[in-house]
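Novice: Sequence:
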Amino acid sequence: MNAVLDSLPEFFRAFGYTALLFLISGALSLIGGTALVAMRVGPIAVLSKAGALYITVVRNTPLVMVFFFFFAAPKIGINFKWVDVHIAGFDFTAFFSTGVVALTIYTSAFMCEALRSGVNAVPLGQAEAARAIGLPFSGVMREVVLPQAFRASVPPVASTLIALLKNTSVAAVFGIIEATAQMKSMTNNHADERWGIFLLFAIGYIVLVEIVSLVALSFERRWRIA
3 MNAVLDSLPE
13 FFRAFGYTAL
23 LFLISGALSL
33 IGGTALVAMR
43 VGPIAVLSKA
53 GALYITVVRN
63 TPLVMVFFFF
73 FAAPKIGINF
83 KWVDVHIAGF
93 DFTAFFSTGV
103 VALTIYTSAF
113 MCEALRSGVN
123 AVPLGQAEAA
133 RAIGLPFSGV
143 MREVVLPQAF
153 RASVPPVAST
163 LIALLKNTSV
173 AAVFGIIEAT
183 AQMKSMTNNH
193 ADERWGIFLL
203 FAIGYIVLVE
213 IVSLVALSFE
223 RRWRIA
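All residue numbers for the sequence shown refer to the numbering used here, where the first residue is 3 and numbers rise by one.
Hints may contain errors.
Unchecked claim - Pair ranges (Cβ atoms, derived):
| hint | residue 1 | residue 2 | range |
| --- | --- | --- | --- |
| 1 | Q128 | G177 | 47 to 57 Å |
| 2 | I33 | G127 | 23 to 33 Å |
| 3 | E222 | F139 | 24 to 34 Å |
| 4 | E12 | N62 | 35 to 45 Å |
| 5 | P149 | H88 | 20 to 30 Å |
| 6 | W225 | K51 | 25 to 35 Å |
These aren't lab readings, by the way, just hints derived from the structure by calculation.
We put the beta carbon where it would ideally sit given N, CA and C, even for glycine.
When you get a sec, could you build the whole thing from the sequences and use the hints?
Specialist: And the structure:
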């Protein structure tokens, strides 16, 4: 445990990377999931089938396949070498960008299904009424369906975000010294203190998960329908 206490700046910096990966990937996954759910419930058959195929492939793929993106992306011309930003001691480089994109691609499929559960909770009659007064599909989704779907899907969306928070641990393969990578480094250098190190990093993850849970609970109470 002394190993962590003697290296608190590295400890907090590692969890800072974990939090940044989570926040950026989470925001992008919400956008991607919303786009996918619009494709799935939309009237265009090609887009609906494409969205369903994407979700089926990703949901049935192990998380470790995220590693594949790191090695395969440069081979097909996808790279983020142009990203080189340094803010307050945090380095947003090609490695960080690759991790964010890989996590977003993976999580968007699960986010779509979480949001689709909310869409299915909206009475069909409301969408039909909106179409009857002349709203196009985009207007129905934007003004009627999605606002109610977001309210109804807070619990599954929160669960998906919590899973994403824990999945950020795979970012170590992209060369990002986030919490799990830092824990591994410390346990390698201080093998006699590995239980204490593990305990403190576990507490760090628990704190982050509880923060996400409390925020989700706050939204759920605020948006609760009487």
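Novice: Hint by hint, note whether the structure agrees.
Specialist: Hints and how they fare:
Q128 and G177 have their C-beta atoms about 48 Å apart, which keeps the hinted 47 to 57 Å range intact. The hinted range of 23 to 33 Å is satisfied by I33 and G127, whose Cβ atoms lie roughly 28 Å apart. Distance hint for E222 and F139: a CB-CB separation of about 28 Å, consistent with the stated range 24 to 34 Å. Distance hint check: the CB atoms of E12 and N62 are about 37 Å apart, consistent with the given range 35 to 45 Å.
In this structure the supplied range 20 to 30 Å is violated for P149 paired with H88, their Cβ-Cβ distance being about 39 Å. Between W225 and K51 the beta carbons are some 32 Å apart, a value that agrees with the proposed interval 25 to 35 Å.
Hint 5 from the earlier list is the only one contradicted by this structure; the remaining hints agree with it.
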